[in-house]
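Here the protein sequences come in this chain order: A and B.
Converting from the first sequence to the numbering used here requires adding 180 to each position, the first position being numbered 1.
Converting from the second sequence to the numbering used here requires adding 21 to each position, the first position being numbered 1.
Here are a few chain A residues that sit away from chain B, every Cβ distance over 12 Å (derived from the structure): (1) Lys191; (2) Thr193; (3) Lys195; (4) Glu200; (5) Gly208; (6) Phe245; (7) Ser246; (8) Arg249; (9) Thr250; (10) Arg261; (11) Glu265; (12) Leu298.
Ranges between beta-carbon positions, derived for each pair: (13) Gly208/A <-> Asn82/B: 24 to 34 Å; (14) Thr256/A <-> Gly37/B: 40 to 50 Å; (15) Thr296/A <-> Arg127/B: 16 to 26 Å.
Below, in silico cross-link-like pairs of lysine-lysine (DSS-like), each with a Cα-Cα straight-line distance of 27 Å or less: (16) Lys237/A <-> Lys119/B; (17) Lys70/B <-> Lys237/A; (18) Lys237/A <-> Lys197/A.
To be clear, the hints were calculated from the coordinates, so they are not data collected in a lab.
Just so it is clear, CB atoms sit at the ideal spot from N, CA and C, and this is done for glycine as well.
Residues per chain, in single letters:
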Amino acid sequence: GAGVSQSPSNKVTEKGKDVELRCDPISGHTALYWYRQRLGQGLEFLIYFQGNSAPDKSGLPSDRFSAERTGESVSTLTIQRTQQEDSAVYLCASSRRTSGSSPYNEQFFGPGTRLTVL
Amino acid sequence: AQSVTQLGSHVSVSEGALVLLRCNYSSSVPPYLFWYVQYPNQGLQLLLKYTSAATLVKGINGFEAEFKKSETSFHLTKPSAHMSDAAEYFCAVSGGFKTIFGAGTRLFVKA
Numbered sequence: 181g182a183g184v185s186q187s188p189s190n191k192v193t194e195k196g197k198d199v200e201l202r203c204d205p206i207s208g209h210t211a212l213y214w215y216r217q218r219l220g221q222g223l224e225f226l227i228y229f230q231g232n233s234a235p236d237k238s239g240l241p242s243d244r245f246s247a248e249r250t251g252e253s254v255s256t257l258t259i260q261r262t263q264q265e266d267s268a269v270y271l272c273a274s275s276r277r278t279s280g281s282s283p284y285n286e287q288f289f290g291p292g293t294r295l296t297v298l
Numbered sequence: 022a023q024s025v026t027q028l029g030s031h032v033s034v035s036e037g038a039l040v041l042l043r044c045n046y047s048s049s050v051p052p053y054l055f056w057y058v059q060y061p062n063q064g065l066q067l068l069l070k071y072t073s074a075a076t077l078v079k080g081i082n083g084f085e086a087e088f089k090k091s092e093t094s095f096h097l098t099k100p101s102a103h104m105s106d107a108a109e110y111f112c113a114v115s116g117g118f119k120t121i122f123g124a125g126t127r128l129f130v131k132a
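Work out the full structure: start from the sequences and follow the hints.
Okay, structure coming up:
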C-alpha cells in the first residue's frame with residue numbers, strides 16, 4: 181500500500197473488555213514497531229518484529245498486552261481486560277530491513293488508533 | 022542506553038520568527054538522531070536524521086539541525102516560521118533498532 185494503515189482509527193471500550201488493534205505495514209517492509217502515546221507524552225516503545233526473527237517484547241507493559249505478526253504482513257496488538265490507564269493512541273510503524281550496513285532505516289508511521297477505556 | 026530530553030513542552034513563535042526546538046541526548050554508543058513532526062490526528066513524519074555524516078543536517082520544509090557532540094545536543098531550527106509549521110515535534114535517538122523518543126515539543130505559530 182501507499183503507507184502504513186491502522187484500524188480502527190478510534191475505539192471506545194469498557195473497562196475489562198478485550199480489544200484488538202490492527203496494523204498494515206508498507207509492502208516490503210520487514211520491520212514493524214508498536215508504540216503507545218499517552219496524552220501529552222512521547223512515544224513509548226512496546227514491541228518490535230523483524231522478519232521471521234523472534235520479536236522483541238521488552239516494551240510490553242504487562243501480560244495483558246500481546247502482539248502477533250503473520251510473516252512480513254499484518255500485525256495485531258491485543259489488550260486483554262482493558263484498564264483506564266490503557267487509554268492512549270497506539271501507533272504502528274514499519275521500516276525496511278535493518279542490517280549491519282543499514283541499521284537505522286527511517287520508520288514510517290500510521291495514523292494511529294485512539295483507544296478510550298471508560 | 023539512550024535517552025532524549027526535549028527542553029520545553031511548548032514553544033510559541035510569531036510567523037516569520039526563528040524557530041528553535043531544543044534536544045539533548047544521552048547515548049553509550051555513537052548515536053543516530055532524528056527529528057519527527059506530528060500534525061494533528063496524524064502519525065509521525067521524518068523531518069531529518071543524523072547518521073554520522075555531516076554534522077549540519079538539512080531536512081524537509083526548511084528545517085535543519087546541528088549535531089554537537091561536545092554539548093550532546095541536536096537542536097532543530099528554521100529561520101522563518103510559517104503557520105503550517107504548527108505541530109508537535111519529537112527528537113529521537115537510536116543506538117540499534119530500538120528508537121527512544123523524547124516527550125515532544127508543541128510548536129505554536131502566531132500570526
